[in-house]
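Q: What follows is the residue order along each chain.
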Amino acid sequence: MLGTFSALEVSASGLAAERIRMNTIASNLANARTTKTEAGGPYKRIDPLFESKLLDSQGIESQAGRAVSSVHVARIVTDERPGQMVYDPGHPDANAQGYVEYPNVNVVEEMVNMISASRAYEAGVSAIDSIKQMATSALRIGR
Amino acid sequence: MAIGPIEGNLPLMQPKGTTDADFVARLKETQTPGQTQGVSFEDVIGQAILNTNQRIHAATEAGQAFAAGKTDDIHGTMLAMSEADISLRFVGNVKNKVVDAFYELWRMSI
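In the order they appear, the protein sequences are chains F and X. 1168 is the number that the working numbering gives to position 28 of the first sequence; each next residue is one higher, with no gaps. 92 is the number that the working numbering gives to position 99 of the second sequence; each next residue is one higher, with no gaps.
Just so you know, these hints were derived from the structure itself, not from any lab. Hints should not be assumed to be uniformly reliable.
Just some of the chain F residues that point at chain X, by a computed CB distance under 7 Å [as the list claims (entries may be wrong)]: (1) PHE1145; (2) LYS1184; (3) PRO1188; (4) ALA1207; (5) MET1274; (6) ALA1275; (7) LEU1279.
Taking lysine-lysine and the DSSO-like style, the derived pairs with C-alpha atoms no more than 27 Å apart in a straight line are [unchecked claim]: (8) F:LYS1272 with X:LYS88; (9) F:LYS1272 with X:LYS90; (10) F:LYS1193 with F:LYS1272.
With the C-beta cut set under 7 Å, the calculated list includes, among others, these residues of chain F facing chain X [unchecked claim]: (11) ALA1147; (12) LEU1148; (13) LEU1155; (14) LYS1272; (15) GLY1282.
The C-beta atom is built at its ideal place from N, Cα and C for all residues, glycine as well.
Same shape as in the complex, but just chain F (with noise of 0.2 Å):
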């Protein structure tokens, strides 16, 4: 059934979705100069892969029934490109030429993708509100 709470549910897939963004992305802050990881070599900048997941629609009639989709995360990807050099032969993870690569986060970038997600989160909570508005409306009719 597509109603108010299937609205509410999709809102919450887009909240969690993001919330996951934001974590991948406080990550890659975090380890913007991390030179070791376990898997050997510097940090690499990793980001969600979001997939549009269609809604239960059992029973659903409607064309809009069945396009109505939540949203989450299909996995977690790897950005691969290729990190700054920097020459500096005393460090400890430098190669045999005295270069040391750097994780291939780009800071600013972090921080555009960082307002982005903020927005959207709070975009997914204002059509919260606005879905739990018209629910409250709706139960005004009555009286």
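With chain F held as given, fit chain X onto it using these hints.
A: Below, chain X without anything else, positioned relative to chain F:
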């Protein structure tokens, strides 16, 4: 949790050209909507109350899990509580309407 419109005409108005016996027979038909129309009002409101109860339970569990530190899903907890709140107010409004209707009939002078 949809409460659909009551289908079918209510033959309470006696049309011209029918006898009293016809009218009484049709009146009796409408007095048992559960048998003639499939779903009774009692079933519908019962289902709505059941759904609301489930939402309240879900909200309580979410609140307890959050308070106990088992989860940090803030918006999930808030949404569970909002859903329970809206459901409960909806069922409460329906209940008020039914009780109003009952008193309306109760006050009717015959």
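Q: Hint by hint, which ones does the structure fall short of?
A: Hints 2, 3, 4, 5 and 11 contradicted; others consistent.
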